[in-house]
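So the protein lines, in turn, are chains A and B.
Residue numbering for the first sequence follows the UniProt record's numbering, beginning at 1 and increasing consecutively.
Residue numbering for the second sequence follows the UniProt record's numbering, beginning at 1 and increasing consecutively.
Be aware that one or more of the hints could be misleading.
A partial selection of chain A residues facing chain B, derived with a Cβ cut-off under 8 Å [said to hold, decoys possible]:
| # | residue |
| --- | --- |
| 1 | 42 |
| 2 | 43 |
| 3 | 44 |
| 4 | 69 |
| 5 | 92 |
| 6 | 126 |
| 7 | 127 |
| 8 | 128 |
| 9 | 280 |
| 10 | 284 |
| 11 | 295 |
| 12 | 296 |
| 13 | 301 |
| 14 | 304 |
| 15 | 306 |
| 16 | 308 |
Hints are computed from structural coordinates only; laboratory data are not their basis.
Just so we're clear, the structure is a prediction, and the values are computed from it rather than from any experiment.
Don't be surprised by glycine CBs; every beta carbon is placed ideally from N, CA and C.
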Amino acid sequence: MTAADRAPSAPPLPTEPIRMGFGRGLLEAGRRNDRVVALCADLVESTQMHHFRDAFPTRFFEVGVAEQNLVTVASGMAAAGTVPFTSSYAAFSPGRNWEQIKTTAALNDRPVKVVGSHAGLNVGPDGATHQMLEDIALMRVMPNMVVVAPADSVEAEKATIALAADPRPCYLRLARDATPVFTTPEDPFVLGKGRVLRAGSDVTLAGTGTMTWQLLAAAEALASHGIDAEVLHFATIKPFDADLLVSSAARTGFVVSAEEAQIAGGFGGLVAETLSEHRPTRLLRLGVEDRYGESGAPTEVVEHFGLTARRLAARIAEALGVTRADG
Amino acid sequence: MLENARSGHSAGPLGMADLLAVLFGHSLRHRPEQPGWEDRDVFLLSNGHTAPVLYAAMAHTGYFPTDELMTLRRLGSRLQGHPERTALPGLENTSGPLGSGLSQGAGWAQIVRDLDGRPDRVVYVMMGDGELNEGNIWEAAMYAAKYRLGNLIGIVDRNFIQIDGDTEDVMPLGDLAGKWRTFGWHVVDIDGNDIAAIVEAVDECRRVTDQPSVILARTVPGRGVPYMEHDHTWHGRVPTSEQADIAVAALTAEGETR
Ligand SMILES: Cc1ncc(C[n+]2csc(CCOP(=O)(O)OP(=O)(O)O)c2C)c(N)n1
Ligand SMILES: [Mg+2]
Chain A
1 MTAADRAPSA PPLPTEPIRM GFGRGLLEAG RRNDRVVALC ADLVESTQMH
51 HFRDAFPTRF FEVGVAEQNL VTVASGMAAA GTVPFTSSYA AFSPGRNWEQ
101 IKTTAALNDR PVKVVGSHAG LNVGPDGATH QMLEDIALMR VMPNMVVVAP
151 ADSVEAEKAT IALAADPRPC YLRLARDATP VFTTPEDPFV LGKGRVLRAG
201 SDVTLAGTGT MTWQLLAAAE ALASHGIDAE VLHFATIKPF DADLLVSSAA
251 RTGFVVSAEE AQIAGGFGGL VAETLSEHRP TRLLRLGVED RYGESGAPTE
301 VVEHFGLTAR RLAARIAEAL GVTRADG
Chain B
1 MLENARSGHS AGPLGMADLL AVLFGHSLRH RPEQPGWEDR DVFLLSNGHT
51 APVLYAAMAH TGYFPTDELM TLRRLGSRLQ GHPERTALPG LENTSGPLGS
101 GLSQGAGWAQ IVRDLDGRPD RVVYVMMGDG ELNEGNIWEA AMYAAKYRLG
151 NLIGIVDRNF IQIDGDTEDV MPLGDLAGKW RTFGWHVVDI DGNDIAAIVE
201 AVDECRRVTD QPSVILARTV PGRGVPYMEH DHTWHGRVPT SEQADIAVAA
251 LTAEGETR
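Isolated chain B (complex conformation):
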């Protein structure tokens, strides 16, 4: 998909694949054949540059044909380089500029819980760790805690990379769990590439109803592709066709043993 598009982001999406597989394949209450179903849980992608993994999750759960994945980033495609809500049914928000998703999630969670009387509808917001540099995230964190939005679950792709390097060099996040806790959030710290741990973390967060929850999902950027793993220079690069073949072979082999 990315090889074919010849531009886009590789590392983040690969690291997040397990998270989105669990959410779209298991945790989310949704009907791919009926986007906009009024009882659905909501998934907001705040780190929009990871769109390829969202598109893949959506296609593989039936929102649109998997063939269409190859149109990524092409003129006229519904799969815009960064997600555009009005272009593709099933997308809940337009994103790409970082830092705005958690606030939108808080607003949505507030209304379904308080005005619609549907605290069972959960709003999930996926964020990057570099994205947490944005002040807007922490404004939302205070807001959600103030209103005890128990139906809001944040997920941070804690892969320790951003564009200019290691997150702890660019803008140290330090004790991230401690930060969210002092902001009033329930925090779950997991291996974000461990399927069972992800399932359990989501279940735990759903049981917490008197405060918002955040899952700090420690992931391996470029997960499953040896030459990409942990290398921040793969943030915004795409593989050549030879590199793509190696990547697909490695992922396929791992898929068979997993």
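Isolated chain A, as found in the complex:
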């Protein structure tokens, strides 16, 4: 069975935080390659690095609350022939140490893996300072950087293993809160490739990270209003699978992007750039619109910003001119 067969309407799926897949993937990457090392900035369990630390204590390094040191030490370790994974919350890495990442990892071309956990609104009660919404924009403009935002924990595990084997500097965006596990171990994961999770002809729904599942569920709600939506998932934001998006847009004539991040410069920005250059298409960008997050329970905050399946479906239906579509 693959993700495409798992309709959101089927019995409830198990849920798990996306970061847990990273923890397992890093452990596996460590088993496959003894030059994989890990560094953390005082958030070992939150970022799920403890599995690796416990299995490979001599290849794990605690840098303390020091994100600039985190990535620059990693750059030195990469220069010495290792593949360093660094982890913190996305708000601080790459939030705080962007220039160090740019100069010492990306421009310097060292395979430093920047893992930003707790990205997006679903950090909930911690509030705006901890809800990293600008990271997609920040990281995708950095030449040489690979940017990946898995949709669930199973995909995060595969992405981590793939990034460990890739020679480029990478940014891996993870989330804190438990979300449905809807991809399966059999689903393919190819860096740089998007996937069609649901075929449809009326509208293209393009998601990344946690929003892909919400779009799949929204597509079901839209189906009950006679709208046949195609759902695309882009785990890799950079390099971007423009062909997949453009060919779908050519068929449906209407694109919706969704992300748990600022649409300005973010995934929505990427979709807008791609379409306007290759195939101008009507576009609705859903995400956070030029404001900061706030405290509240995780799903409550996501709902507040209009990014749950129900709210997404209603906004998409409205944009398509379908009335009475409250999901």
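Let chain A serve as the given structure and place chain B with the ligands on it in line with the hints.
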């Protein structure tokens, strides 16, 4: 408050309660009914995750009704999970990401002393000890010493814990007093849960006007709640309702004998 919010940080705030009680109840020149009063001393919380103790100190000195404390971390609350200056009058800075408070304090102290001619206005900056891992703190330490910012007082919650464990295991701070001294600061090392010692330390720092001062306040994380004291796993956990009852009972009993 934390039990009710069901998320947040317990150990740090409890250990810092005596410090904030002295500052807000005694040392700070401030007018809770008039936030932004131009003659006030400034208090910056750099270790923003300890917001609950700041909110408690503010509520109990009259910045806002104590009832509101129960809205901590709720959608729409002025008491955001980490302090947001624009959400609540009386907050002087937005924080949570660690390491930025001392620099803001240095900038503020510099202007009130040099451009406003008000060296009597004191800027206090509260920091965590794990927070001192951040390079930004030491950049500020050099800056403040260079300009001899005598109206800047740093306070370090020296509780020896951070998220991943004991501060001396995670990233050893070693001779912390010696470090600040070589950076050019006046250092006072005290028991941060001794009210009289805190009062005296602040007074001493206020008398030092030709260099910045730092109070290394040795506190007990989870202070007053036996099952939390010194246990780093309480850094970012909140009590269940039974645990909260035990905590409140222990703190109340101690309050009555103190
Ligand atoms: C820049 C930054 N990095 C990481 C964190 C996550 N974090 C929150 S509190 C904390 C530990 C800080 O230790 P300390 O200042 O001693 O606080 P205590 O545990 O004593 O309350 C960390 C790493 C953060 N808030 N900001
Ligand atoms: Mg501490």
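Per the CB criterion, is residue 128 of chain A less than 8 Å away from chain B?
6 Å, holds
Residue 42 of chain A was flagged as interface toward chain B. Is the shortest Cβ-Cβ separation under 8 Å?
5 Å, holds
When the least beta-carbon distance from residue 301 of chain A to chain B is tested against 8 Å, hint result:
Check passed: Cβ of residue 301 of chain A comes within 7 Å of chain B, closer than 8 Å.
A closest beta-carbon separation below 8 Å is what the hint needs, so does residue 43 of chain A meet it against chain B?
With Cβ-Cβ at 6 Å, under 8 Å, it holds.
A closest beta-carbon separation below 8 Å is what the hint needs, so does residue 126 of chain A meet it against chain B?
OK, holds: residue 126 of chain A within 8 Å of chain B, min 4 Å.
Hint check: 8 Å Cβ-Cβ cutoff, residue 296 of chain A to chain B:
Constraint on residue 296 of chain A satisfied, holds at 3 Å.
A closest beta-carbon separation below 8 Å is what the hint needs, so does residue 308 of chain A meet it against chain B?
14 Å, violated
Classify the hint on residue 306 of chain A as holds or violated, based on whether any CB of chain B lies nearer than 8 Å to its CB.
14 Å, violated
If you take the shortest Cβ to Cβ gap from residue 295 of chain A to chain B, is it below 8 Å?
The hint holds - residue 295 of chain A has a Cβ within 8 Å of chain B, the shortest such distance being about 4 Å.
Holds or violated: is the Cβ of residue 44 of chain A closer than 8 Å to a Cβ in chain B?
5 Å, holds
Next item in the hint list is residue 304 of chain A. Is there a CB on chain B closer than 8 Å to its CB?
Status holds, d = 6 Å.
Mind checking the CB of residue 92 of chain A against every CB in chain B and telling me if the closest is under 8 Å?
6 Å, holds
Checked against the numbered hints given earlier, this structure breaks hints 9, 10, 15, 16; the rest are met.
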